[in-house]
Amino acid sequence: MISMLQAIRHWHSSDYRLVGLLSLTLVVIALFLVGQQQTEMTGSSWRRIDMEIFQERLDSGKLSAHEAEWFHVAKPAELQQRKPRGTP
Amino acid sequence: MREVVCELCPRKCVIPEGGAGDCRVRVNIGGKLLASTYGRPSAMHVDPMEKKPLYHFHPGSPVFSIATAGCNLHCLNCQNWQLSQSGGEEIEKIFNADPVDLVALARDQGCESIAYTYSDPVVFYEYVYDSSILAHEAGMQNVFITAGYINTEPLRRLCKVIDATNTDLKAFDDGFYRKTTGATLQPVLDALVTFREEGVWLEVTNLLIPTLNDDLSMIRRMAKWIRSELGEGTPLHFSRFHPMYRMRNLPPTPGETLDRARQEAMDAGLKYVYIGNISGHMGNSTYCPVDGTLLIKREGFLISEYNLTSDGRCPTCNEPVPGVWQ
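Those protein sequences? They're chains A and B, same order as listed. Mapping of the first sequence onto the working numbering: residues 1 to 88, in sequence order. Mapping of the second sequence onto the working numbering: residues 1 to 326, in sequence order.
The set of hints was computed from the structure by calculation and includes no laboratory data. As the structure is a computational prediction, the values presented were derived from the model and not from experiment. Don't take every hint at face value.
[What the hints assert, rightly or not] Which bits of chain A does chain B cover? Going by a derived footprint, with three or more residues having C-beta under 8 Å, they are:
hint, stretch
1, 18-24
2, 48-54
[Unchecked claim] Partial list, derived from the structure: chain B residues whose beta carbon lies under 10 Å from chain A:
hint, residue
3, Arg-24
4, Lys-32
5, Asp-98
6, Arg-107
7, Gln-109
8, Met-244
Don't be surprised by glycine CBs; every beta carbon is placed ideally from N, CA and C.
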């Protein structure tokens with residue numbers, strides 16, 4: 001413990017900057033991971049899909065173009081709620 | 001950009017053109033929402049009714065069981081994640097079976113009922129609805145195996161054409177729902193009440209996951225809610241968890257935990273409480289709540305003894321047992 005304190009006393013200002021930078025990086029990574037997890041869990045909105053493959057499958061009949069029920073065209077107020085899930 | 005709002009489930013996804021809902025299979029093309037897996041199941045099997053599990057609905061009968069890709073929940077312990085957590089453009093195996101074909105296929109396989117199951121059939125609602133009408137016209141039954149995460153209006157309409165449901169009540173805790181499934185509790189409770197109000201035969205399943213939802217006081221509250229809102233004769237199935245998908249860090253549910261949960265639910269006043277996923281357990285069988293007579297003995301999904309009268313009563317004391325027996 002004492003030798004650690006002695007080592008810190010002998011740090012140069014560049015060492016502090018390095019430690020600060022490392023800490024900041026860790027915090028950013030942690031925030032990113034927590035954010036990812038929250039998005040994954042709550043799943044509140046839409047997803048991006050591979051439209052090229054989707055369209056191919058629609059054209060070949062592997063998927064269906066049957067119109068869904070229970071939807072309406074979005075009103076302006078509803079558009080503000082839109083949040084992409086961001087999955088490719 | 002012609003965005004649409006999906007009104008089917010409580011997420012109410014606002015979907016831009018070329019995007020899909022959270023379920024991955026309801027896709028906005030040109031300002032029109034497509035049910036892209038309509039008539040395109042990715043799983044088709046003949047199962048025993050007991051596997052759904054439905055223990056008080058045509059026991060011992062085979063049920064033609066189907067599912068498409070997609071799901072509106074994202075359970076960390078999903079058993080069918082390859083199917084449920086994929087979109088139609090991602091999954092390899094897709095059959096072509098429009099409602100007419102589906103009913104014919106089920107008949108050919110000797111089934112008198114069709115189960116919409118495995119993933120959550122909420123996301124292929126239109127396929128379920130149209131197939132169920134045709135199945136009824138052919139004298140067949142429809143069963144809906146779901147997590148119950150659906151809005152009330154579409155559910156009420158669906159209830160007119162389905163005959164039975166086993167609905168998951170994954171925990172009596174909103175925090176669990178949010179963390180483990182990505183959904184919320186209240187819409188599921190509303191769906192359970194709607195099923196009951198609409199006269200659909202209802203059984204409830206609760207998968208017990210060690211440390212996450214096996215607290216006995218929560219189980220007691222859940223059982224009391226079921227008794228007061230759905231009725232004391234509502235079958236409740238406690239199911240054993242096995243490590244799966246993104247939840248491989250927890251052990252399988254110990255048998256004692258399931259036993260204690262069953263006892264707690266029965267003490268709370270529920271008459272038919274079962275234990276699932278443990279073959280040969282006495283909690284798989286149905287007993288008369290009045291005199292304890294063994295009414296239906298089950299070993300795994302098989303019925304080895306059937307003692308109910310033809311009108312669904314205990315042969316010893318004549319107590320009626322709620323269910324659809326014929």
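request  = Identify whether the interface hint at B/Met-244 stands, where standing means a beta carbon of chain A within less than 10 Å of its own.
outcome  = Violated - the Cβ of B/Met-244 stays beyond 10 Å from chain A, reaching only about 17 Å at its closest.
query = According to a criterion of three or more residues whose C-beta lies within less than 8 Å of a C-beta of chain B, is the stretch 18-24 of chain A covered?
reply = violated (count 0)
inquiry  = Quick check on the hint: B/Gln-109 CB to chain A CB, less than 10 Å?
reply    = This hint is violated: B/Gln-109 lies away from chain A, its Cβ roughly 23 Å from the closest one there, beyond 10 Å.
key: Hint check, B/Lys-32 versus chain A [nearest Cβ-Cβ separation less than 10 Å]   = Check passed: Cβ of B/Lys-32 comes within 6 Å of chain A, closer than 10 Å.
Given coverage of the stretch 48-54 of chain A by chain B, checked by CB-CB distance under 8 Å (3 or more) = holds (count 6)
query = Should the hint that B/Arg-107 touches chain A count as held when the rule is a Cβ pair under 10 Å?
reply = violated, 22 Å
Satisfaction of the B/Arg-24 interface hint, Cβ to chain A closer than 10 Å = Result: holds, 6 Å to nearest chain A Cβ.
task = Mind checking the CB of B/Asp-98 against every CB in chain A and telling me if the closest is under 10 Å?
result = holds, 9 Å
In summary, the numbered hints that this structure violates are 1, 6, 7, 8.
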